[in-house]
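Participant: The numbering used here puts the first residue of the sequence shown at 1, with every later residue one more than the last.
One or more hints might be untrue.
Computed list of lysine-lysine pairs in DSS-like fashion (alpha-carbon distance at most 27 Å, straight line) [said to hold, decoys possible]: (1) Lys34 x Lys109; (2) Lys31 x Lys116; (3) Lys51 x Lys34; (4) Lys51 x Lys30; (5) Lys59 x Lys69; (6) Lys69 x Lys124; (7) Lys109 x Lys127; (8) Lys116 x Lys34; (9) Lys116 x Lys81; (10) Lys94 x Lys81; (11) Lys34 x Lys52; (12) Lys69 x Lys116; (13) Lys81 x Lys127; (14) Lys69 x Lys30; (15) Lys31 x Lys69; (16) Lys69 x Lys52; (17) Lys127 x Lys52; (18) Lys59 x Lys124; (19) Lys34 x Lys124; (20) Lys30 x Lys109; (21) Lys34 x Lys69; (22) Lys127 x Lys34; (23) Lys31 x Lys59; (24) Lys124 x Lys44; (25) Lys124 x Lys109; (26) Lys44 x Lys34; (27) Lys116 x Lys59; (28) Lys30 x Lys94; (29) Lys51 x Lys31; (30) Lys52 x Lys31; (31) Lys109 x Lys59; (32) Lys44 x Lys59; (33) Lys127 x Lys69; (34) Lys69 x Lys44; (35) Lys44 x Lys127; (36) Lys52 x Lys124; (37) Lys30 x Lys44.
Derived CB-CB ranges, DEER-like [stated by the list, open to error]: (38) Ile104 x His129: 17 to 25 Å; (39) Asp106 x Lys34: 14 to 22 Å; (40) Phe93 x Asn67: 36 to 44 Å.
Simulated from the structure, these hints should not be mistaken for lab results.
For every residue, glycine included, the Cβ atom is placed at its ideal position computed from N, Cα and C.
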Amino acid sequence: MIYCGYQGCGKSTYCRTHNNTVDLDSSLFKKVDKWEENYINIAKSFSDENKKVFISAHKNVIEYLINNKIEFELIIPDMDKLAWRSRLEFRYFKNQTQGNLNAILDFDKNFDIDMKYYDFVESKGIKVHRVSATIVTDIAEVI
Numbered sequence: 001m002i003y004c005g006y007q008g009c010g011k012s013t014y015c016r017t018h019n020n021t022v023d024l025d026s027s028l029f030k031k032v033d034k035w036e037e038n039y040i041n042i043a044k045s046f047s048d049e050n051k052k053v054f055i056s057a058h059k060n061v062i063e064y065l066i067n068n069k070i071e072f073e074l075i076i077p078d079m080d081k082l083a084w085r086s087r088l089e090f091r092y093f094k095n096q097t098q099g100n101l102n103a104i105l106d107f108d109k110n111f112d113i114d115m116k117y118y119d120f121v122e123s124k125g126i127k128v129h130r131v132s133a134t135i136v137t138d139i140a141e142v143i
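Using the sequences plus the hints, can you model the full thing?
Facilitator: Next comes the structure, spelled out in structure tokens:
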């Protein structure tokens, strides 16, 4: 199964603590035209091996999955915007990587737009799991 997860939802943590999982970090892929096709093909190959594959929730990734009728589920924040930003800030101060900083910057720019898009995705029949930022969320509880 492929799971698209919003930044900070616990994809990497889940994969570190569960067998038969893959955390396919999109930051490892150069964002050139149609990069998502290669990204999804790799995710699909792991999924075909009965692994749980965790990938990004970028709009172009989700659209590729939908357009190519590839089964996936979406893991996103509940709508507590301030709490989610605090979660991302905590993650950055704990581990000051460029990726964690980029997550905060992307959040500030796109959170509201992303949440509207995810509502649209859910209206298409895609299973959506909402996780809380105010508790330590183990996504194993929702997937």
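Participant: If you draw a straight line from the CA of Lys44 to the CA of Lys127, is it 27 Å or shorter?
Facilitator: 18 Å, holds
Participant: Can you confirm whether the C-alpha distance between Lys69 and Lys116 stays at or below 27 Å?
Facilitator: Given that 27 Å is the threshold and the Cα spacing comes to 21 Å, the pair holds.
Participant: Do the alpha carbons of Lys69 and Lys30 lie within 27 Å of each other, as the hint requires?
Facilitator: 24 Å, holds
Participant: CA of Lys51 to CA of Lys31, is that 27 Å or under?
Facilitator: Given pair Lys51, Lys31 holds - Cα atoms ~25 Å apart, limit 27 Å.
Participant: Quickly compare the C-alpha distance for Lys44 and Lys34 to 27 Å and report which way the hint goes.
Facilitator: 16 Å, holds
Participant: Starting from the range 36 to 44 Å, see whether the pair Phe93 and Asn67 falls in it by beta-carbon distance.
Facilitator: Once the Cβ atoms are compared, 38 Å apart, the range 36 to 44 Å for Asn67 and Phe93 holds.
Participant: Holds or violated: are the alpha carbons of Lys31 and Lys59 at most 27 Å from each other?
Facilitator: Distance ~13 Å between Lys31 and Lys59 Cα, so the pair holds.
Participant: Do the alpha carbons of Lys59 and Lys69 lie within 27 Å of each other, as the hint requires?
Facilitator: 15 Å, holds
Participant: Would the pair Lys127 and Lys52 pass a check requiring their Cα atoms to be no farther apart than 27 Å?
Facilitator: 15 Å, holds
Participant: If you draw a straight line from the CA of Lys109 to the CA of Lys59, is it 27 Å or shorter?
Facilitator: 14 Å, holds
Participant: Take a quick look at whether Lys69 and Lys124 sit within 27 Å of each other, Cα to Cα.
Facilitator: Satisfied, since the Cα-Cα distance of roughly 12 Å is no more than 27 Å.
Participant: Is the hinted pair Lys31 and Lys69 satisfied, with a Cα-Cα distance of at most 27 Å?
Facilitator: 22 Å, holds
Hint compliance for this structure: no hint is broken.
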